[in-house]
Amino acid sequence: HYKIYFSNRSKVLALNEKYSAVFEKIQNQAEAIAVELNELSAKISSSSTSYNAEINLLNQQIAAFNAKANSGDFTSQAQFNSERSALTARVNSLSAQRSAINETISLFNSKLEQYNALATESKELFKSIDSTLAPAPSL
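Just so you know, my numbering puts 128 at position 128 of the sequence shown, and the rest follows in order with no gaps.
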């Protein structure tokens, strides 16, 4: 029955496999990127929660240090310098942590752009094989 439409069935099947492979490749890439996005999102969330908790603790410690300094409760300049140095080291450490979080966010955004590009490409490919007819013009 279909012989009148398809004179060479093997050629039709080969073409089907060829265009199906394109869709499968895009799907596989999108799935891999989705896994990476989920992992990066979890990492960003966890790192941000930890960072924010550390910032709150550091702010409390800085406030206590400043209160101690303003009231003259340090027994020596060496004690003042030692505690100030420890706080400065924590500030530097948290700055590095913040930079690492920002790098992860940048990577996430880059992966998200790749994912969206694949979605757009897939949508365009589906449109290109859409066999629905456009509506007839009206007067």
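Worth double-checking, as some hints may not be accurate.
[Stated by the list, open to error] Okay, derived cross-link-like pairs now, BS3-like style, lysine-lysine, Cα gap no bigger than 27 Å in a straight line: (1) Lys123 x Lys11; (2) Lys111 x Lys11; (3) Lys111 x Lys123; (4) Lys11 x Lys127; (5) Lys127 x Lys43; (6) Lys18 x Lys123; (7) Lys127 x Lys18; (8) Lys43 x Lys18; (9) Lys123 x Lys25; (10) Lys25 x Lys11; (11) Lys111 x Lys25.
Quick caveat, the hints were computed from the structure, so don't treat them as lab data.
We went through each hint and held it up to the structure:
no., hint, result
1, Lys123 x Lys11, "holds, 26 Å"
2, Lys111 x Lys11, "violated, 37 Å"
3, Lys111 x Lys123, "holds, 18 Å"
4, Lys11 x Lys127, "holds, 23 Å"
5, Lys127 x Lys43, "violated, 36 Å"
6, Lys18 x Lys123, "holds, 18 Å"
7, Lys127 x Lys18, "holds, 17 Å"
8, Lys43 x Lys18, "violated, 38 Å"
9, Lys123 x Lys25, "holds, 14 Å"
10, Lys25 x Lys11, "holds, 21 Å"
11, Lys111 x Lys25, "holds, 17 Å"
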